[in-house]
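Trainee: Starting from the given sequences, assemble the full structure and let the hints guide the process.
Just so you know, the sequences run in chain order V and E.
For the first sequence, the residue numbers in this note's numbering are 1 to 114.
For the second sequence, the residue numbers in this note's numbering are 1001 to 1112.
Relax, there's no trap hidden among the hints.
Derived pair list, reagent style BS3-like, types lysine-lysine, alpha-carbon separation capped at 27 Å: (1) V/Lys71 <-> V/Lys57; (2) V/Lys9 <-> V/Lys57; (3) E/Lys1042 <-> V/Lys57; (4) V/Lys9 <-> V/Lys71; (5) E/Lys1042 <-> V/Lys71; (6) V/Lys9 <-> E/Lys1042; (7) E/Lys1056 <-> E/Lys1067; (8) E/Lys1042 <-> V/Lys14.
Distance windows between CB atoms, simulated: (9) E/Pro1112 <-> V/Ala2: 30 to 38 Å; (10) V/Gly3 <-> E/Gly1041: 12 to 20 Å; (11) V/Ser51 <-> E/Lys1067: 25 to 33 Å; (12) E/Arg1028 <-> V/Lys57: 22 to 30 Å; (13) V/Asn62 <-> E/Glu1057: 37 to 45 Å; (14) E/Tyr1051 <-> V/Ser51: 16 to 24 Å; (15) V/Arg77 <-> E/Ser1020: 37 to 45 Å.
Since the hints were made in silico from the structure, they are not lab data.
Note that CB positions come from ideal geometry on N, CA and C, so glycine has one too.
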Amino acid sequence: NAGVTQTPKFQVLKTGQSMTLQCAQDMNHNSMYWYRQDPGMGLRLIYYSASEGTTDKGEVPNGYNVSRLNKREFSLRLESAAPSQTSVYFCASSSGTVSNNEQFFGPGTRLTVL
Amino acid sequence: QKEVEQNSGPLSVPEGAIASLNCTYSDRVSQSFFWYRQYSGKSPELIMSIYSNGDKEDGRFTAQLNKASQYVSLLIRDSQPSDSATYLCAVDRGSTLGRLYFGRGTQLTVWP
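Mentor: Written out as structure tokens, the structure is:
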């Protein structure tokens, strides 16, 4: 089992460019999440998908869009990148049930916007 | 008040000592509590989960939960230099299934 995988690992964009971060999980989890992590700010939730076909905003959704393509895949899109979106992006997944909502993280994407 | 608060540290202990990491949370309806370890440049890795009051032991790690005091801690016995990392406390958002609050982490250094 690969767990949670993310592509790409690193990316440099210019202001105004767009890109999509890909995430996939092979644990048959219902719920998937996108976080960003900035120094001193901890993990902040951008968007999440409680189940296939649903998505909801987290704490910092502005400038991002998401697609839950199927149960395995959850992508994050930056339509017009800004320097403030320079960060490390983590995808996570969980069963999403009351008795078991442990989240497992992918390796992350380090994004720099110039 | 932040939803989850941790001592920012850094916490420094000698090899073989007990490291104690603390976390308080504000949402009284939270039911599940997690500790993650994050090495520099890596992703968070789940090391402990606890759902009931009391202690839960897993190898050198013990998680302690006190819901009345809204307090959760992680003890690392016989600390090793390889335990040097940032430890994140996470607590479920009782009102929103599946979402977690994360603390900002405590940086631990274990020196030989």
